[in-house]
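Make the full structure from the sequences, and use the hints.
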Amino acid sequence: MSAAKQLQHRRAHNLLLISKLLNCRENASPFTLILDSLEQSGKGLVREFIRRANAAKTRVVFVSFETLKKPKGADIFISASRKDPTALQTDLAAHAAASTPRQKTLLILDTLHPLTAHPRTSLTLPHFLSSLLSLSPTTSLLATYHVDIPLPAASAADPYAPHPLTLLRYIATTLLATHALPHVLAAKRAQDRSVAAPRFGLGEEVEGVVMRFKHVNCRVPALGRGVVVEMEYRRKSGRGVREWYFVPTTAEGGEAGTTTREKAILLEDHPLYGRAQTAAGSQAEEGDEMDTTFNLGLTERQRRDREGVVLPYFDAQRDDGGPGEGGRILYDMGVEDDFDEEEDEI
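Last residue of the sequence shown? That's 365 in this note's numbering, and every number before it is there in order.
FYI, nobody ran anything at the bench for these hints, they're computed from the structure. There could be a bad hint or two in this list.
Have a look at the derived ranges for each label pair, beta carbon to beta carbon [stated by the list, open to error]: (1) D324 to H32: 52 to 60 Å; (2) I190 to P120: 19 to 27 Å; (3) Q25 to Y189: 24 to 32 Å; (4) S150 to G222: 33 to 41 Å; (5) P156 to S21: 40 to 48 Å; (6) P181 to Q25: 35 to 43 Å; (7) P156 to S98: 22 to 30 Å; (8) S149 to D211: 39 to 47 Å; (9) H137 to H28: 42 to 50 Å; (10) E226 to P156: 44 to 52 Å; (11) T109 to A75: 22 to 30 Å.
Listed below are the simulated DSSO-like cross-link pairs for lysine-lysine, each with C-alpha atoms no more than 27 Å apart in a straight line [stated by the list, open to error]: (12) K39 to K89; (13) K89 to K62; (14) K24 to K207; (15) K282 to K62; (16) K76 to K62; (17) K88 to K76; (18) K62 to K207; (19) K88 to K255; (20) K102 to K123; (21) K89 to K123; (22) K102 to K89; (23) K39 to K62.
From the three backbone atoms N, C-alpha and C, an ideal C-beta is built for every residue, glycine too.
This is the structure:
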């Protein structure tokens, strides 16, 4: 298969895969974990899941630990900020029993930090999440984990227990890490110019309030606002699929059922991503010309003069001999050379 066909096959396959994941079709991913940070929140991606679930007539159950108001498009809203995990399981089981067996359900947890820090579920977090999926075979779980929020120190009872994020990465069937488009474009330009990539947010290691990243407008009218998603999908065979996407999302105050063009594309197909690579290459060329104190280029006249130069022993570079003969020296003897053929034969 040629490189062009492989690229076309990869693009078609990965676009179909992200469409299945966002639409929760064919039970493509029972447990999808969103990893967001201060640089890019995952709420826009969650709204996109809700919008597509409403279009597919999938029931949305939103479990809130930090969300105050019911999101648009959520059918059932459960406030679990002050509930015990056992009571939460009871409420979810009651809602699952009230639904029809063929009704698809999208169960959303806005954050997993209260469950990871709770003494009853911190050590049995995989078992707790598995119990939520066992409520109905048509239930898909979507949870968000904030990677920038620190967790309490590990208890002395089990100091060798793995980190909760390690467990979540292991049991999740799909990982979706969100990134800000301006940050990705800045890192791409730095990579193309072979310089150190800039850091943002907590990675800057600057004391004080984390300031918002100020950059040029990174919105394309045809695509609108969106988020860069780094996907890692685990198949049933154990093989993983990794890809970067740009997923257009609705505004926070927008309707969940809007029908505007919102189609996920590969990050490499984004207009600004390709433009950043071209701009970085031109800047690198300009930078090289400005840093040097001399010019290695040739004018048109110098090129013609170079082509007209005849080297005296240029025939020695011809590959007329067989392999292993090495180089040859061609020399035309003149009258001043004292050469005797008989002595040369001896």
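Hint-by-hint comparison with the structure:
1. Separated by about 55 Å at the C-beta atoms, D324 and H32 satisfy the suggested range of 52 to 60 Å.
2. At about 25 Å, the CB distance of I190 to P120 agrees with the hint of 19 to 27 Å.
3. Against the hinted window of 24 to 32 Å, the Cβ-Cβ separation of Q25 and Y189 comes to about 31 Å, which satisfies the hint.
4. Checking the proposed 33 to 41 Å range against S150 and G222 shows it holds: the Cβ atoms sit about 36 Å from each other.
5. With their beta carbons about 42 Å apart, P156 and S21 fall inside the hinted range of 40 to 48 Å.
6. Range check, P181 to Q25: about 37 Å between beta-carbon atoms, so the 35 to 43 Å window is met.
7. At about 27 Å, the beta-carbon gap between P156 and S98 stays in the expected band of 22 to 30 Å.
8. For S149 paired with D211, a C-beta distance near 44 Å keeps the hint of 39 to 47 Å intact.
9. For H137 paired with H28, a C-beta distance near 45 Å keeps the hint of 42 to 50 Å intact.
10. In this structure the hint that E226 and P156 lie 44 to 52 Å apart at CB holds, the actual value being about 50 Å.
11. For T109 and A75, the hinted distance range of 22 to 30 Å is satisfied, since their beta carbons lie about 28 Å from each other.
12. Restraint check for K39 and K89: the C-alpha separation of about 26 Å stays at or below 27 Å, so the hint holds.
13. With a CA separation close to 13 Å, the supplied pair K89 and K62 stays within the 27 Å bound.
14. A threshold of 27 Å between alpha carbons decides the hint, and for K24 with K207 the separation of about 26 Å falls inside it, so the pair holds.
15. Of the pairs offered as hints, the one joining K282 and K62 holds, with about 17 Å between alpha carbons and a cut-off of 27 Å not exceeded.
16. The suggested pairing of K76 with K62 holds, with an alpha-carbon distance near 21 Å, which does not exceed 27 Å.
17. Between the alpha carbons of K88 and K76 the distance comes to roughly 22 Å, so the proposed pair stays at or under 27 Å and holds.
18. A threshold of 27 Å between alpha carbons decides the hint, and for K62 with K207 the separation of about 25 Å falls inside it, so the pair holds.
19. For a cut-off of 27 Å, the pair hint linking K88 to K255 is broken: about 37 Å separates their Cα positions.
20. In summary, the hint linking K102 to K123 is supported, as the alpha carbons are separated by about 25 Å, within the 27 Å threshold.
21. With a CA separation close to 20 Å, the supplied pair K89 and K123 stays within the 27 Å bound.
22. About 17 Å separates the Cα atoms of K102 and K89, which keeps this hinted pair within 27 Å; it holds.
23. Straight-line distance between C-alpha atoms of K39 and K62 comes to about 19 Å, which keeps the hinted pair within the 27 Å bound.
The structure fails hint 19 only (numbered hints given earlier).
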